[in-house]
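Mind docking chain L on chain B? Use the hints.
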Amino acid sequence: MIGLVMFSFVVALAVFAWWIAPNDPNRTAIRMRFRPPQLDRVLLLGTDNLGRNMLSRIVHGAQLSLLIGLGVVLLNSVFGVLLGAVAGYFRKLDGPMMRLADALMAFPSILLAIGIAAALGPSAWTAVIALSVVYIPRTARIVRASVLVVREMEFVQAARASGAGHWRIISRHIMPNCMAPLIVQLSFIFAYAVLSEAVLSFLGLGAPPSIPSWGTMISEGRTYIREASWLTIVPGCAIALTVLGLNLMGDGLRDVLDPRLKIEQG
Amino acid sequence: MGSYIVRRLLQSIPILLIVSLISFGIMKLVPGDPAIVIGGPNATAAEIENIRKNLGLDRPFHVQLGVFYWNLFQGDLGRSLLLGKPVLEAVIERAPITISLSIYAMVLTIAFGIAIGVLAALRQNTWIDQVATTFALIGVSLPNFWLGLVMIVLFSVHLGWLPTNSYVDFSDDPVRWLRHATMPSVALAMLQIGLLARITRSTMLETLRQDYIRTARAKGLPEWRVVAKHAMANVMIPVITVIGIILSVLISGSVVIESVFSIPGIGSLLGNAILRRDYTMIQGGLLFVAAVLMLLNILVDILYAWFDPRVRYDAGK
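If you're matching them up, the sequences are chains B and L in order.
When we follow the numbering used here, the leftmost residue of the first sequence carries the number 1, and every step to the right adds one.
When we follow the numbering used here, the leftmost residue of the second sequence carries the number 1001, and every step to the right adds one.
Looking at chain B on its own, in the form it has when it is part of the complex:
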């Protein structure tokens, strides 16, 4: 529940960014630079080295983080599910597909994402694609594992006996019974994606500087860490809040949807 509240809060920030933000996140005001956070509607989170409003940049950064997270989750729920279902259902394709997944998973996840993003050149789309390539094999593996169990069940055999085609068996009979672990996995992937997007933009491989991003803010704030530590600390707290909310939500979903996986509560 706490997770849901925290995550909803971040979603609300992103959705109502234009109302919450006191002004344009990219508007510079040199005379207003390095104002520390204070109890004030406009200067709640202070200003940065160019006098840009930190509150505006944080709420607009929420949009980017959530959109990238959502993009990765969507691509995962399409391709991860498709590939996992095919590998689990058509046994002949299973071997080669899982070897490919193993190879992709042999790279440390963030390194592979960095490599792909570095080659494709920095942009928000690049981040989505790079992170999807990293997480799709993991999603596919989880879907495959559930499909392997469900495809042997009697109701699937009954469907086959009654003349249903492969596509119908997969989409109508098998997949609905594989949703629980998938949904749990997707909520954790959302959390990883937000965290990894921050790493990519911290390294200069995410969205261009004109779009406020939490990772970029941390990397820009780093230069002034001695004089103006809030430039670094505030965006990090935003990332931590979002990821913590998503992790808590994932734990909660797992307890509800898939009690077998529940971490021992006693």
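The set of hints was computed from the structure by calculation and includes no laboratory data.
The structure displayed is predicted, hence computed values, not measured ones.
Idealized CB from N, CA, C, for every residue including glycine.
Among these hints, one or two may not hold up.
To be verified - Going by beta-carbon spacing under 8 Å, a handful of chain B positions derived as facing chain L:
id : residue
1  : ILE110
2  : ILE116
3  : ALA119
4  : LEU120
5  : SER123
6  : ALA124
7  : ALA240
8  : GLY250
9  : GLY252
10 : VAL256
11 : LEU257
Relative to the frame of chain B, chain L by itself:
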């Protein structure tokens, strides 16, 4: 045992082949002409032609692939465009730094991860358990590079306890190395401590409910011996399984952490290569790291089979 090792090694060959193909393919993802991208906006046509020739980009695809594998079998990962020396040499030169940091972070992870997990399980549903599980959850949710920066603000800027620049090698001065390596290692280890504590806690709770634990208690053993000797033996099994994963995350985390603390290891080597578009370095470095991690994982699996005979029998079926 011998046949298990052979089987495990054979299984890794096709994966290694695909891994190398993927790292070869990374350069092919560069949109447009990589030579122009590498040369930058100020490069002359002759310079670009030169880069193209050096990288073999002027040759047909299958020849490029052939040359890539031919070199790879001879242990040649290509030449760094930026440093002007072989990738393998540059990586091996810096490896000791990254290895020493990873070992330090690994020690922290195992010590604190297990301690927190066991403590939480033994004091289940008390405030200690609450604090430990909350700490573990927060650890999993913090961006490690940010944690590193916050520690710099706190321990270097405000308190002046720990230094942040001019890294010292372990072999030069172990005490000064410890002062330099502590913050980066803690930043690296935090996420893993959280993960390991969660796993340890749940395994410990499960183990403590087993019959053999009840027997041990019934024969009058003091509680600490029941936990330390009887329960711990079983708690260690899942811990060994995740060591491979932990290593992988530690090493990939070092790319960012080394840049944050300006530590001249493999991580910052790759970080710089990314910023300066040194594609051969990125390609070769990635392949090197992936291959080393695969080997380490095989080693962990073999150790695991050694400790737990059930694994080798299951795998043989």
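Now the hints, each set against the structure:
Interface hint status for B/ILE110: upheld, as the beta-carbon distance to the closest one in chain L is roughly 5 Å, under 8 Å. A cut of 8 Å between beta carbons decides the hint on B/ILE116: the least distance to chain L is about 6 Å, and the hint holds. Against a cut-off of 8 Å between C-beta atoms, the interface hint on B/ALA119 holds, since the closest Cβ of chain L lies about 4 Å away. At about 6 Å, the closest approach between the beta carbon of B/LEU120 and any beta carbon in chain L falls short of 8 Å, and the interface hint on this residue holds.
Violation of the interface hint for B/SER123 is found here, the shortest Cβ-Cβ separation to chain L being roughly 10 Å, above the 8 Å cut-off. Below 8 Å, beta-carbon pairs count as interface contacts, and B/ALA124 has none with chain L, the closest being about 15 Å; its hint is therefore violated. Checking B/ALA240 against chain L by beta carbon gives a least distance of about 5 Å; that is within 8 Å, so the hint holds. Restraint check, B/GLY250 versus chain L: the minimum CB separation of about 10 Å is more than 8 Å; hint violated.
Taking 8 Å as the C-beta contact cut-off toward chain L, the hint placing B/GLY252 at the interface is violated, the least distance being around 12 Å. Hint on B/VAL256 is violated. Least Cβ distance to chain L is approximately 18 Å, over the 8 Å limit. For B/LEU257, the shortest C-beta to C-beta distance to chain L is roughly 18 Å, which exceeds 8 Å, and the interface hint is violated.
Against the hints set out earlier in the document, violations occur for numbers 5, 6, 8, 9, 10, 11.
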